[in-house]
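With chain Z fixed as given, assemble chain W onto it according to the hints.
One letter stands for each residue in the lines below.
2 protein chains.
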Amino acid sequence: MAEPVIHHRARDYRELFERLLSRLEGIFRTENDILLYTASGTGGMESAVANLCSPGERVVVVSAGYFGERWSQIARAYGLEVDELAYEWGETPSPAELAIRLDELGSAAAVLLTQSETSTGVVADIEALAEPAREAGALVVVDAISSLGAVPLETDAWGVDVAVSGSQKALMTPPGLALVSISPAAWERAARASSPAYYFAWEPVRKAQEKFDATFTPAVSLVQALDVAVGLLLEEGLEEAFDRHVRLGRACRAGIKAMGLDLFSPDEDRSAVVTAVRVPDDVDGQMLVASIRDRFGITLAPGQGPLKGKIFRIGHIGYFDVFDITTALAAVELALAEAGADIERGVAVTRALEAFEHTVV
Amino acid sequence: MAEPVIHHRARDYRELFERLLSRLEGIFRTENDILLYTASGTGGMESAVANLCSPGERVVVVSAGYFGERWSQIARAYGLEVDELAYEWGETPSPAELAIRLDELGSAAAVLLTQSETSTGVVADIEALAEPAREAGALVVVDAISSLGAVPLETDAWGVDVAVSGSQKALMTPPGLALVSISPAAWERAARASSPAYYFAWEPVRKAQEKFDATFTPAVSLVQALDVAVGLLLEEGLEEAFDRHVRLGRACRAGIKAMGLDLFSPDEDRSAVVTAVRVPDDVDGQMLVASIRDRFGITLAPGQGPLKGKIFRIGHIGYFDVFDITTALAAVELALAEAGADIERGVAVTRALEAFEHTVV
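Heads up: the protein sequence lines correspond to chains Z and W, in order. With this note's numbering applied, the first sequence corresponds to residues 239 to 599, in that order. With this note's numbering applied, the second sequence corresponds to residues 239 to 599, in that order.
Isolated chain Z (complex conformation) (with noise of 0.2 angstroms):
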């Protein structure tokens, strides 16, 4: 990101372009189109909607948590009919109860979904989630954002139409780029789709990126350094770093685990994308991460929504080893002793280290 920004419209460009995307190929496990927009992941979500979708049609919502709702709320917003399978945040979302809900209503245009609830730490089974939506005539459409490159995705194995995803995340690079995948059922429906869209809408990229080309100014500096970002992910290997991510979050709830606290998010043995930890009793959560952030220089994320100094997360997404959990943990409980909660003192580092060490994957 350091280096000179090239132009958009020059040779350099394209090849770093056609470069990027053939290796995106292989982090999406697809053959289909990956069009590239410089906006947040939410912009990849809203181009899925309003290219897919026209006023009225209905779509089902498989939400568990804030980006769950987001769905909704971007359905809500291009006026179609939203049909909300809701879990309380922290729940993971059910295939039969999908496959149940979609029998009721007889049909739906696309069911979204999310594959890694940031928001509470919770990943869905988005292969068994395709099946009742893809049986339904339903395109499937996921929210990849924080999962993709930590956590198993099969675009085309699993019959995904689109997948959305941002370069913040796993992809290891600073935000600023969405990524969205579109299999050919997803090309024909947005044939006839009839929502307005121009800067999200995918044919003109799709016509652009032919030539390895951007419709309008592409974050180019981003660009590079995703570039960058996705070849060292494809070095270590996809398996590796989803098995890295794996041994991450054991050695993160094992530390949790350890100092007494509760998790939040589900104690399953392959979570690997974030750590929600219940606040102690009498401790404000607000100030346990704000005071984290200012004293160690340490940067949790702090409970979202309802869960809103309930809860702090440890993400441990993309370019992180076992030591910065140990370090967060550390920090964790230093500051948590200190606020007078009742922890154990003295283990939390060691035995995240033993569950990174010595697990299986």
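Since the hints were made in silico from the structure, they are not lab data. Treat the hints with care, since some could be wrong.
Note that identical chains are pooled: a pair holds if it fits in a single copy or bridges any two copies.
Here are the computed lysine-lysine pairs in the BS3-like style, where the Cα-Cα straight-line distance is at most 27 angstroms [said to hold, decoys possible]:
hint, residue 1, residue 2
1, K495, K546
2, K495, K449
3, K495, K548
4, K548, K449
5, K445, K495
6, K546, K449
7, K548, K445
For chain W alone, kept in the frame of chain Z given last:
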């Protein structure tokens, strides 16, 4: 941009964002709200259309090049009735003709203007064009993407309701951020408009910005860079920057004319953004730009649309001094001489330096 990415929901970001927004007010010369989007400038343009207008409403687009036509495309994508006051590429829009057109039409929701038509090098007289628009009760909406910070834009004094800009031109930052200033009258109109908008919706961004927060994950590293760059611009002084741009334009045109080349953009004393030059007969303009890029590492801009191959453009907006201009001129001179064009050798650089040094702005 090489600094660590800061968390956009934490205090560091709020302090940065507050300072940036206050600096931008000085550059937009406005007390209006200025919203920041992670997007190309085109995204900011779309936000104006989507937030201000309802399907079927009439807008007048004043168009004299590639970017004027973009306004029409966006407005049509949103189902607006587009009335184009269209000029040949390279012509300068006439305020009197706009007044007549508005008079004929009776009413229009908005007039969509382009301050610097980068495709041709023409800078329109926004102050004069805004007057008939205001008198007709239309909102004044200006694409100031390649002009803000290079030529005067008096947002409040000229009654500009919406000014759109981007990070990557005179604001001297890599691409990826769009800026939109919004007058009270535009907010009123936006409250009644019915086009769908989510990512580009104005109201949620305004609310978030009240607390120096963002609706969606912003391109943090670009925000950090923009803050530094607009700090540099204000340190130089806005008037001083305008003067520097005027002198760079004069230097560039003096050099081009000294070589015996024809200007495509107007030979106006205060032209300051980009200099468009006719490619001599028997020279391939695309090849010329490519060869200067490949041999010398100097990036000129090719012609766009109907001007493809017929012109090349020397940019002088933003982080430029006169030696960037003389370098470009020297390369053009060498490349054209080698291509067999009949040009005057050995005078362009000297004339350019004279024009830059001896000019009373």
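Review point. Of the hints stated earlier, which fail here?
Key: 2, 5
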